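Participant: Read top to bottom, the protein sequences are chains A and U.
The working numbering puts the first residue of the first sequence at 12, with every later residue one more than the last.
The working numbering puts the first residue of the second sequence at 12, with every later residue one more than the last.
Just so you know, these hints were derived from the structure itself, not from any lab.
Hints should not be assumed to be uniformly reliable.
You can't tell identical chains apart in this list, so a pair holds if it fits in one copy or across any two.
Taking lysine to any residue and the SDA-like style, the derived pairs with C-alpha atoms no more than 25 Å apart in a straight line are [unchecked claim]:
(1) 542 / 768
(2) 557 / 404
(3) 793 / 805
(4) 412 / 563
(5) 566 / 551
(6) 286 / 412
(7) 606 / 622
The structure presented is a predicted model; accordingly, all values stated were derived computationally and were not measured.
2 protein chains.
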Amino acid sequence: MNSWILAYEGYNPEEEGLREALCTLGNGYFATRGANAESSADGVHYPGTYLAGGYNRLTTEIAGREIENEDLVNMPNWLCLRFRIQGGEWFSPDDAEIFFYRQELDIRCGVLKRTVRFEDSRGRRMNMEERRIVHMGDHHLAALETTLSTENFSGTLEIESGLDGGVVNSGVKRYQSLNGRHLEVLETEAREDAPLFLKARTVQSERRVALAARTRLFNKQAGLNPKPEIIEENGYIAKRFSVDVSENEKIRVEKTVTLHTSQDRAISECSLAAKHDIQCAGDFSELLKTHIIAWEHLWRRFDIRMTDRRKNRRDDRPEMILRLYTFHLIQTTSLHTIDLDVGVPARGWHGEAYRGHIFWDELFIFPAITLQQPEITRSLLLYRFRRLDSARRAASAAGYKGAMYPWQSGSSGREESQEVHLNPKSGRWIPDNSHLQKHVNAAIAFNICKYYESTGDDQFMTAYGAEMLFEIARFWSSIATWNEEYERYEILGVMGPDEYHDGYPDADKPGLDNNAYTNLMAVWVLTQALKMMETLPRDSVEELCKALFLDQEEKDLWWNISRKMRIVFHDGNIISQFEGYDRLEELDWDKYKKKYDNIQRMDRILEAENDSPNRYKMTKQADVLMLFYLFSSEELKGLFKQLRYPFEYETIPRNVDYYVRRTSYGSTLSWVVHSWVMARSDRARSWTLFLEALESDISDIQGGTTQEGIHLGAMAGAVNILQEAYMGIKTRGEVLWIDPCLPEALEKVEMQIHYRGDTVEFKTTQEMCKVKLVSSRRNSLKIGFGDGIYDLTIGTSRMFQL
Amino acid sequence: MNSWILAYEGYNPEEEGLREALCTLGNGYFATRGANAESSADGVHYPGTYLAGGYNRLTTEIAGREIENEDLVNMPNWLCLRFRIQGGEWFSPDDAEIFFYRQELDIRCGVLKRTVRFEDSRGRRMNMEERRIVHMGDHHLAALETTLSTENFSGTLEIESGLDGGVVNSGVKRYQSLNGRHLEVLETEAREDAPLFLKARTVQSERRVALAARTRLFNKQAGLNPKPEIIEENGYIAKRFSVDVSENEKIRVEKTVTLHTSQDRAISECSLAAKHDIQCAGDFSELLKTHIIAWEHLWRRFDIRMTDRRKNRRDDRPEMILRLYTFHLIQTTSLHTIDLDVGVPARGWHGEAYRGHIFWDELFIFPAITLQQPEITRSLLLYRFRRLDSARRAASAAGYKGAMYPWQSGSSGREESQEVHLNPKSGRWIPDNSHLQKHVNAAIAFNICKYYESTGDDQFMTAYGAEMLFEIARFWSSIATWNEEYERYEILGVMGPDEYHDGYPDADKPGLDNNAYTNLMAVWVLTQALKMMETLPRDSVEELCKALFLDQEEKDLWWNISRKMRIVFHDGNIISQFEGYDRLEELDWDKYKKKYDNIQRMDRILEAENDSPNRYKMTKQADVLMLFYLFSSEELKGLFKQLRYPFEYETIPRNVDYYVRRTSYGSTLSWVVHSWVMARSDRARSWTLFLEALESDISDIQGGTTQEGIHLGAMAGAVNILQEAYMGIKTRGEVLWIDPCLPEALEKVEMQIHYRGDTVEFKTTQEMCKVKLVSSRRNSLKIGFGDGIYDLTIGTSRMFQL
């Protein structure tokens with residue numbers, strides 16, 4: 012196995028959904044899936060393109076309640092192309108006899124290839140080779156090259172190349188009762204002598220999408236120019252070409268598509284732009300050349316080269332998966348969306364699950380891009396900044412001050428969390444209280460501070476970051492209440508990251524008190540906000556405080572809360588996930604493991620049994636453990652000291668052990684966090700968990716959820732384990748710290764980062780770490796290692812013995 | 012006169028157009044004019060709001076040719092409000108007897124006030140006071156407060172508050188044969204119990220604009236809640252309120268409007284957003300409070316405080332005008348458009364002249380904003396970056412390499428220069444060759460390099476700036492041709508900034524050879540591009556060169572051209588404006604001065620006389636002199652030396668004298684450039700020219716053009732004379748240089764700048780200059796003065812004796 016190629020051989024209808032999800036091509040703006048289950052029936056006719064940031068509001072009657080929510084919009088299908096031998100059916104792998112089938116994603120070049128050799132029911136044999144790209148250099152372009160070779164027959168081939176505006180959202184089974192049609196075709200043009208043109212709009216958000224397609228045919232010698240038949244039906248337009256072929260003849264078809272939307276910059280109107288662009292577009296080989304250069308430059312920044320110690324092992328699977336996940340990361344949080352108003356949906360742009368909603372996944376994703384391409388993180392933070400007013404209004408409506416970002420959000424930044432969700436196991440619609448996950452606000456503040464630490468981007472911080480940070484701090488200070496009895500501040504009635512617990516057993520209303528993760532994050536945010544007031548230029552801070560009506564009294568309150576927040580403990584130094592956690596029952600894990608094949612989704616199992624996870628000491632995913640994921644032990648020690656709580660050497664291992672044992676791995680993030688928190692204490696187990704984290708999507712370990720969209724947080728989290736946990740690369744203050752700790756299985760890891768404008772190369776082995784300052788605007792870099800801080804000058808490297 | 016107030020007393024219908032242009036309120040996104048001639052007929056019903064970046068393509072038959080061009084789109088009229096005393100006519104200053112009329116623009120607070128005391132034909136006396144704002148803190152909001160006081164009558168007042176989608180472009184007389192209707196109303200809602208709502212679209216570019224308006228009435232005691240009559244007619248909707256009033260009663264009307272467009276970020280759909288915002292909008296006093304804070308923070312950055320030596324002089328007119336021009340500068344190149352794709356039209360957003368097109372005015376505008384609010388310049392440079400592909404295509408279509416930005420452009424970045432223009436003097440449509448002004452490309456490159464020098468923004472330069480710079484350099488290298496005879500490179504067939512010369516007398520085709528300004532700017536651009544390749548991080552440059560297919564051979568060509576460009580001289584060291592300039596006839600200035608009142612537009616005079624300015628040594632505006640405007644004598648000396656041409660001490664004064672004598676001041680930029688180039692050689696004349704530059708719009712010295720839109724380049728240029736020519740503040744390399752030289756009339760000038768993240772205060776008098784480093788991220792700043800470079804540490808100041 013080549014570590015740059017994801018290949019599948021053999022046609023397997025059952026696996027098509029997963030293959031499709033993993034071989035998705037796109038660049039954030041313009042994502043397309045390689046194939047999907049629905050469309051494999053007609054061979055190479057693949058719907059499923061998503062519009063970055065295209066949402067529609069969805070009002071549906073569910074379980075007797077009217078639910079209003081946002082839904083990701085499908086794009087017109089742009090690369091659809093099908094063919095048949097005269098008189099036969101359109102080619103479909105399900106109908107033909109397949110001699111050879113290979114699908115290959117070239118991760119390095121961003122090219123999806125497919126080869127099929129088949130025979131139809133009349134014994135006519137053909138070979139099809141296909142290459143497709145969504146251009147990484149020009150996000151308005153995509154192209155498909157299809158080469159059809161006859162073997163044992165002559166006759167007429169019919170090739171149909173079209174644009175299809177009739178696509179619907181149907182990729183997630185449990186959403187099928189919702190309205191899936193979000194596109195209305197406004198205009199089509201299909202003329203023999205001009206590119207196909209289709210313009211559609213999203214029905215509620217009224218965004219326009221315009222596509223133009225050019226199809227050219229070639230044989231060995233030259234371009235063919237057959238007069239096409241024009242097909243126009245119900246939002247689908249196509250050109251159908253008939254070409255006479257003899258035995259052993261090759262016909263090559265190039266289809267190029269341009270796409271513009273009404274949200275694009277630098278255009279007058281999207282139809283004009285799409286039509287203009289198609290006139291200027293080069294041929295497939297030209298597009299491929301510039302596309303590969305764009306990917307080459309991305310890989311220079313993003314590739315992490317790891318060498319396994321098992322020299323003779325069979326394959327490079329972990330390396331390949333790491334690259335596949337990085338590939339998805341790059342094309343989802345794309346350079347191409349920097350100028351658009353696009354966030355990071357939990358499932359990327361690759362599937363319809365969660366309807367494109369934005370959650371807290373940035374917390375896992377940003378660390379894997381900020382040191383590679385900080386502009387991307389910046390633009391994604393600006394996505395949050397633009398929704399600051401919406402968050403302010405949400406806080407105010409709920410009786411709080413500052414800004415309260417929603418748990419799930421879409422285009423306008425309002426709360427889009429569902430009010431009920433379906434348990435497929437019981438068939439019941441259950442009240443959904445996930446909007447109580449106020450901790451998303453801490454994640455946003457954390458991301459702002461980390462971006463600033465990695466880039467030193469003062470302009471961002473003064474113009475945008477500080478305002479968000481202060482408003483979030485303000486929210487935490489207003490949701491915190493004073494408890495006379497304990498003489499401590501508390502946060503009541505919220506949910507932590509562990510979604511199995513949304514309230515106390517048999518309580519009237521949802522919500523938990525003093526979730527340790529939430530409380531400690533609030534303390535951290537308040538502390539950072541106060542520090543930032545000292546760090547940033549005085550005049551900027553003054554202006555901001557004046558504009559926000561933020562006075563000394565309020566800052567004093569922040570200080571007080573950040574020194575007197577309550578954290579609940581039990582069993583000595585076990586940090587209680589929330590107040591009262593210790594009074595919950597232990598789950599009989601063995602009983603359920605025996606009864607069910609897979610107990611990852613214990614919530615669904617228990618609900619179907621008329622029980623509730625709220626009754627048990629059991630978590631879906633890391634909650635208290637998130638603290639050890641985000642902070643070093645020194646940082647945690649500092650926070651606990653600030654709160655006058657004890658924090659001993661054994662606090663971390665004891666808590667890790669306590670909570671890992673009580674996790675059902677209901678989220679793909681669990682493996683990432685657990686691998687991370689054991690990186691130093693149990694290297695072997697950490698490595699095993701890392702390998703499991705790597706498998707999460709490629710093996711669809713949640714049994715079907717990958718087909719509904721990749722898990723971008725887990726993908727990025729896995730990449731970041733290498734960088735931050737194993738390579739030990741950490742930004743702290745003005746110093747770049749390294750503290751490597753490779754698992755035994757790894758011989759060597761090499762990568763490059765971009766830190767505050769400097770390019771730095773790392774090579775880490777079991778014995779040493781070599782750091783090289785490749786380029787710098789400051790001529791020297793401060794590296795922290797152990798107890799020392801070392802200056803590295805430009806062009807030089809330094810070796811640290813481990 | 013208060014230096015923060017522009018006030019007019021007395022109603023003068025003839026002056027309304029000018030008053031309106033100067034009292035325009037807006038924030039780039041949401042500009043509105045205080046009044047206009049057309050609408051003064053119905054009193055307080057003021058059309059004229061422009062949509063930032065809203066363009067329509069315009070196809071019109073002119074002089075037998077079909078002309079396609081872009082046209083700025085008018086916005087629905089949002090603050091229209093009118094009133095009448097029952098049974099009378101709607102109030103209009105033209106019909107009523109006016110006892111008192113005062114219009115006042117509060118420049119500091121961004122508030123337009125108007126007071127009118129009048130009596131109608133039946134002897135009923137009333138007073139109206141009005142305040143209006145376009146909110147500087149929230150660009151979706153505007154508000155109007157109207158207070159109506161009865162004096163000697165009781166009865167019923169009718170007040171009508173509406174939204175009008177029926178506006179047309181009709182502000183420029185000579186465009187009236189063009190189609191002026193660009194808006195189509197899509198939807199209106201007018202209900203008694205809900206805000207008014209109007210949604211329109213621009214007919215060709217399909218942008219949606221949604222407005223919602225809330226109107227509330229109050230008397231002295233409380234809110235009134237009269238049931239309104241609903242008016243709906245042809246794209247206009249309104250609520251008409253009837254209120255019974257007695258003598259000496261006050262009725263206060265608050266109208267608040269929200270506006271969203273389909274181009275907005277962080278919304279689902281613009282109607283939803285406008286309706287949602289109006290629900291959340293505070294009352295007038297709340298909006299005013301936050302609006303003033305926003306302006307206060309802008310003035311902290313932008314205000315230049317100058318003190319005239321004539322202590323006892325009558326008024327603060329120059330200070331007031333300086334602030335008025337700064338005010339226009341701030342609201343046109345607004346912080347609010349940073350997130351939109353908006354450029355800087357020559358006439359701002361304040362009038363329809365030039366149809367909102369973008370020219371080269373950024374060259375004059377950026378220096379007045381980059382050291383105040385660099386984010387604005389950055390976003391305006393990104394406007395150019397987004398149109399780089401369009402410029403590449405233009406270059407390629409014309410047979411050149413690299414990027415050729417157009418002389419006039421709009422939404423899509425294509426060339427929008429008119430092909431013919433009207434001479435109102437002769438009534439003839441004349442071929443317009445202004446697209447030959449390729450020098451706009453040098454201006455863009457210059458702006459990129461200056462922005463980088465002032466900010467040190469590496470991220471911008473590597474991600475965007477360098478690519479534009481290299482592509483523009485490449486264009487210059489491909490348009491330059493080798494002349495065997497002179498063994499020099501030449502640039503043939505172009506136009507310089509002086510638009511009076513577009514070709515040789517009686518030549519078949521337009522264009523001039525070896526325009527000195529163009530050739531020298533090309534040399535500068537090529538030199539800077541080569542330098543930038545050495546300065547920027549090696550890996551970024553490598554990637555860029557690879558992506559642009561830019562090889563060593565091409566760089567060698569750049570180097571050669573930048574050493575061997577041809578400049579033509581005559582009369583010894585007079586730099587010929589273009590090759591052959593010396594062979595043109597001298598104009599008999601006295602003859603024309605006698606014959607015509609105003610000879611600023613000699614082109615129109617000569618054309619009407621069947622003559623042509625191409626025949627004469629006469630310029631509309633600075634051309635060769637632009638070189639002395641943009642470069643210091645040291646820099647010019649360097650460039651000439653690089654080209655192996657002589658450059659003596661007297662070159663500058665001789666050329667200044669030569670060309671100033673031959674200028675007709677046909678552009679408002681002439682005063683700016685002339686004042687600048689004499690700042691050191693003739694301080695008194697420079698000051699006189701500066702004062703004339705200040706008058707250019709406020710006195711409408713071109714006789715009517717200000718009403719068609721302010722001249723933003725001249726306004727900013729005037730501001731920048733103070734900063735760069737008189738205060739002598741210049742960024743060069745890593746050092747902030749000062750070299751003050753105040754005209755005798757000035758006692759003191761004080762200002763603040765933001766240089767590379769530092770805040771620096773300056774106070775300059777005739778004798779000294781005091782520099783203080785207020786805040787800095789680097790803790791120290793390098794100040795260059797005379798032959799020395801001085802370190803300034805944070806919080807300290809240094810006095811330089813002049």
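Participant: Which numbered hints does this structure break?
Facilitator: none
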